[in-house]
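Build out the structure end to end from the sequences listed, making use of the hints.
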Amino acid sequence: MKKLLFQLSIFLTPILVIGSIIEYAIRKIPNDYILKNNEIVIQKDSIKTLILGSSHSLYGINPKYLNQHAFNAANVSQTLDLDYTILKETIYDIPQLKNVIIRVSHPTLFELLPEMSEEWRMRNYYIYYDNLDLPWSIFNRFEIFTTHFKLNIKRLIDFYIDGKPATHCLSNGWNTSYKTRGKQSLSESAKSAAIRHNIKDFKYHQECKSYLKKIVKLCKHQDIKVILLTPPAYYEYKNQLLKSQLNKTISFCKELEKAHSNCVHINYFLDNSFSETDFFDADHLNHSGAEKLSNDLNKYLITN
Amino acid sequence: MLFDSLDFALFLPIVLTIYWIFHSSLKAQNITIVCASYIFYGCWDWRFLWVILFTTLVDYLVGLKLAVTKSDVKRKSLLLFSLLTNVGFLFFFKYFNFFIDEFVTSFEFFGRTIEKSTLHIIVPIGISFYTFQTMSYTIDIYKKEILPTKNIIVFTAFVSFFPQLIAGPIERASNLLPQFLNQRSFKRENVLHGLRQILWGLFKKMVIADNIGEFVNQVLDNANQESGSSIALSIALYHIQVYADFSGYSDIAIGTARLFGFDLVQNFSFPLFARDISDYWRRWHISFSNWLRDYIYFPLGGSRGTILFQLRNLFITFIISGLWHNLSLNFLIWGLLNATYFIPVVIKNRRRKKQPDYSKRNMSFRISSDIFVTFILVIFTRFFYKAETFDQSLFWLEKVFSTSFFHFPQSPKIVLIIFIISFLVIEWFGRNQKYALENLTFLRKRSLRHIFYYALIFLVFYYSGETQNFIYFQF
Numbered sequence: 621m622k623k624l625l626f627q628l629s630i631f632l633t634p635i636l637v638i639g640s641i642i643e644y645a646i647r648k649i650p651n652d653y654i655l656k657n658n659e660i661v662i663q664k665d666s667i668k669t670l671i672l673g674s675s676h677s678l679y680g681i682n683p684k685y686l687n688q689h690a691f692n693a694a695n696v697s698q699t700l701d702l703d704y705t706i707l708k709e710t711i712y713d714i715p716q717l718k719n720v721i722i723r724v725s726h727p728t729l730f731e732l733l734p735e736m737s738e739e740w741r742m743r744n745y746y747i748y749y750d751n752l753d754l755p756w757s758i759f760n761r762f763e764i765f766t767t768h769f770k771l772n773i774k775r776l777i778d779f780y781i782d783g784k785p786a787t788h789c790l791s792n793g794w795n796t797s798y799k800t801r802g803k804q805s806l807s808e809s810a811k812s813a814a815i816r817h818n819i820k821d822f823k824y825h826q827e828c829k830s831y832l833k834k835i836v837k838l839c840k841h842q843d844i845k846v847i848l849l850t851p852p853a854y855y856e857y858k859n860q861l862l863k864s865q866l867n868k869t870i871s872f873c874k875e876l877e878k879a880h881s882n883c884v885h886i887n888y889f890l891d892n893s894f895s896e897t898d899f900f901d902a903d904h905l906n907h908s909g910a911e912k913l914s915n916d917l918n919k920y921l922i923t924n
Numbered sequence: 002m003l004f005d006s007l008d009f010a011l012f013l014p015i016v017l018t019i020y021w022i023f024h025s026s027l028k029a030q031n032i033t034i035v036c037a038s039y040i041f042y043g044c045w046d047w048r049f050l051w052v053i054l055f056t057t058l059v060d061y062l063v064g065l066k067l068a069v070t071k072s073d074v075k076r077k078s079l080l081l082f083s084l085l086t087n088v089g090f091l092f093f094f095k096y097f098n099f100f101i102d103e104f105v106t107s108f109e110f111f112g113r114t115i116e117k118s119t120l121h122i123i124v125p126i127g128i129s130f131y132t133f134q135t136m137s138y139t140i141d142i143y144k145k146e147i148l149p150t151k152n153i154i155v156f157t158a159f160v161s162f163f164p165q166l167i168a169g170p171i172e173r174a175s176n177l178l179p180q181f182l183n184q185r186s187f188k189r190e191n192v193l194h195g196l197r198q199i200l201w202g203l204f205k206k207m208v209i210a211d212n213i214g215e216f217v218n219q220v221l222d223n224a225n226q227e228s229g230s231s232i233a234l235s236i237a238l239y240h241i242q243v244y245a246d247f248s249g250y251s252d253i254a255i256g257t258a259r260l261f262g263f264d265l266v267q268n269f270s271f272p273l274f275a276r277d278i279s280d281y282w283r284r285w286h287i288s289f290s291n292w293l294r295d296y297i298y299f300p301l302g303g304s305r306g307t308i309l310f311q312l313r314n315l316f317i318t319f320i321i322s323g324l325w326h327n328l329s330l331n332f333l334i335w336g337l338l339n340a341t342y343f344i345p346v347v348i349k350n351r352r353r354k355k356q357p358d359y360s361k362r363n364m365s366f367r368i369s370s371d372i373f374v375t376f377i378l379v380i381f382t383r384f385f386y387k388a389e390t391f392d393q394s395l396f397w398l399e400k401v402f403s404t405s406f407f408h409f410p411q412s413p414k415i416v417l418i419i420f421i422i423s424f425l426v427i428e429w430f431g432r433n434q435k436y437a438l439e440n441l442t443f444l445r446k447r448s449l450r451h452i453f454y455y456a457l458i459f460l461v462f463y464y465s466g467e468t469q470n471f472i473y474f475q476f
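Chains Y and S, in that order, are what the protein sequence lines are.
Quick note on our numbering: the first sequence kicks off at 621 and runs consecutively.
Quick note on our numbering: the second sequence kicks off at 2 and runs consecutively.
It should be emphasised that the hints constitute simulated quantities derived from the structure, not laboratory data.
Mixed in with the good hints, there may be bad ones.
DSS-like mimics (lysine-lysine), calculated; alpha carbons at most 27 angstroms apart, straight line [claimed, not checked]:
| no. | chain 1 | residue 1 | chain 2 | residue 2 |
| --- | --- | --- | --- | --- |
| 1 | Y | K668 | Y | K684 |
| 2 | Y | K803 | Y | K912 |
| 3 | S | K414 | Y | K623 |
| 4 | Y | K833 | Y | K718 |
| 5 | S | K188 | Y | K774 |
| 6 | S | K188 | Y | K622 |
| 7 | Y | K770 | S | K28 |
| 8 | Y | K718 | S | K28 |
| 9 | Y | K845 | Y | K868 |
| 10 | S | K414 | Y | K803 |
| 11 | Y | K837 | Y | K803 |
| 12 | S | K414 | Y | K622 |
| 13 | Y | K622 | S | K446 |
| 14 | Y | K868 | Y | K858 |
From chain S, some residues computed to sit far from chain Y (all C-beta separations above 10 angstroms) [said to hold, decoys possible]:
| no. | residue |
| --- | --- |
| 15 | T70 |
| 16 | L196 |
| 17 | S465 |
Every value quoted in this text rests on a predicted model; they were computed, and no experiment measured them.
Virtual Cβ for every residue (Gly too), placed ideally from N, Cα, C.
Given below as structure tokens:
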């Protein structure tokens, strides 16, 4: 048995070595999660507004247009559980924090990233954020176990050989990728986004509401204002959304606004000032739309 | 916990380590297997642990009682109780919603509507397989072919043995039970064969089956826009996908069992190279075919009597086989087609003095054409196997038998074509073995074999397609 185990170890050694090298090399590639984890520490003494949420915030709110120093800590598919975890970790280290802007879009109160098909993104929080309070996991701590091998090789080739940049965020956390318009037409993206965001099963609804309540209470305790932002969306997308789901979202935001003096809900679903040219796709703003929304938010922050 | 998942990759070495630490204690090893198997099954859905536990207890007690009961009437009653329990659970979980839906539909046909109180039954995974395994146990005791075991741990391990619990091979007590009763010793060749077979199974499933699956789904989901030739090619590739998927699963199951020192029955014997339909069914899902042969076909009378009588028995057996897969018109047709294919074979074989042995003949034009014809006949049945409804299968067939059959088909990526061809070549050269890599006769040097294994491992990691569920899990 010992001889066999020794021979198997010899056989497996090249695989383990190559795996380790790939893991190390991928971790060394700069990415937006590393950037945000580092920048929030660097800028912590001057941040007055913290932006949380998913891609709707990530692309839609540009801190450059907010007079008060702001940082965009949103990430693609970041759900409320992660918003809460990041806030809990950073709120006590940002002495000047006055406002937290958090998106509450159509799927926000019904999805949790660990339960979604994009669950693989959880590894970014395990590996690249310091000290986040996350559920115990073995595989999420490794790139090679959470990303397809082919994709990892592509990432290595793109960065180390082709020299393609791997970060798309500025130092203020805003993602610059959505410049004008995506490949799909607004009609096509409206249909596909509505299918993705109309949740058939509301089983995570209570848990999501609970996280949002915790965020509001945590901020209230620190005398921080919470702005629940329902971002603008293209009308064709809005028309295809499940009414029951949408009504639950809006009514819960209103409920929080009523119950907590530090909480306000700004609903851009009813706003028609965003035109076709402001959208990258049916539910994401492009640079022009982000500028418009950020300016609007800035006016609100100044007057309130 | 899928065989091709990271969870299983972590689970298996832990269980193996504990198992072989107890190498001197048979009882401890069996308990380890029971615990591991229940954890494995519980990971799928812990709510159904009671189903497998209940059927295990019923058949354990029935088996003991059958052995000591002399009265024929009482013995028949005991057997009937066991069969009804197993078939009852199977029927309830697999077919309950079907009957409720049909009942409601028939009311609606007469213009009345009734409240559909479907309980939304979830089928416990593996139930189609382990119930057949336990039924064969009680039937064999009834026929006095085996004696029951008094050891509840051994029997529980036999029923729930995790490598073969979810999708077979369906084991017979005469083969597997004695292995639980005897000490297993750690053998180098078991480990090497086991690992080799697991690797080959993973390659078949993750590289061949999953990649073909992506192409097949892409074509058939857009069948309206596709030509008859594309649909025909997709169905042909689907047949290879089902084979690679299911035999890949069986290879992983058998290889895993081998790591524990167990020898499971071979479940596939290179059916893609079958020379006629009866040869095909001696090579495809062997454990299930043998179960149907021994417990349905032979009790009905088998091949005794007239040709018509034999064909009657074949038709009944294949109808049951089709309905085991799914209670639908498509699978009924699938079963009937397979039975129909047997008509000329039965007539021809009656005139032969003995069964032809295809195992060792070299390739010739005659053999090639036999293999090709059998392949085409089986592909035709796949139209009904793959389609969700009868109308869909007819739609596909209409397209195939139209002029668009002569259009150039959409073809898979060149890499996939190379993989499929290489896979078929390796299978062909290994066709006289239990699995293709059992003896790598074309790679005599150890270093070359190791390079080949590294290449397979690389391909499994790099070219694994979008993960598709094991096809037979749906049954």
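Here's how the hints hold up against the structure:
For the hint linking Y/K668 to Y/K684, the alpha-carbon distance of about 13 angstroms falls within 27 angstroms, and the restraint holds. In summary, the hint linking Y/K803 to Y/K912 is supported, as the alpha carbons are separated by about 22 angstroms, within the 27 angstroms threshold. Annotation: proposed proximity of S/K414 to Y/K623 is violated, straight-line Cα distance about 43 angstroms (limit 27 angstroms). Distance check on the hinted pair: Y/K833 and Y/K718 sit about 18 angstroms apart at the alpha-carbon level, within 27 angstroms; holds.
Annotation: proposed proximity of S/K188 to Y/K774 is violated, straight-line Cα distance about 41 angstroms (limit 27 angstroms). Using a Cα cut-off of 27 angstroms, the hinted pair S/K188 and Y/K622 holds, with the two alpha carbons roughly 11 angstroms apart. Straight-line distance between C-alpha atoms of Y/K770 and S/K28 comes to about 44 angstroms, which puts the hinted pair past the 27 angstroms bound. With a CA separation close to 66 angstroms, the supplied pair Y/K718 and S/K28 exceeds the 27 angstroms bound.
Straight-line distance between C-alpha atoms of Y/K845 and Y/K868 comes to about 23 angstroms, which keeps the hinted pair within the 27 angstroms bound. Simply put, S/K414 and Y/K803 have alpha-carbon atoms about 24 angstroms apart, close enough for the 27 angstroms limit, and the pair holds. Using a Cα cut-off of 27 angstroms, the hinted pair Y/K837 and Y/K803 is violated, with the two alpha carbons roughly 41 angstroms apart. Note on S/K414 and Y/K622: the hinted pairing is violated, with a Cα-Cα distance of about 44 angstroms set against a maximum of 27 angstroms.
This hinted pair checks out: Y/K622 and S/K446 have alpha carbons roughly 23 angstroms apart, not beyond 27 angstroms. The hinted pair formed by Y/K868 and Y/K858 meets the criterion: a straight-line CA distance of about 15 angstroms does not exceed 27 angstroms. No beta-carbon of chain Y comes within 10 angstroms of the beta-carbon of S/T70; the shortest separation is about 46 angstroms. With a closest Cβ-Cβ approach of about 8 angstroms to chain Y, S/L196 is found to fall inside the 10 angstroms limit, against its non-interface label.
Listed as a non-interface residue, S/S465 fails to keep its Cβ farther than 10 angstroms from every Cβ of chain Y; the least gap is roughly 7 angstroms.
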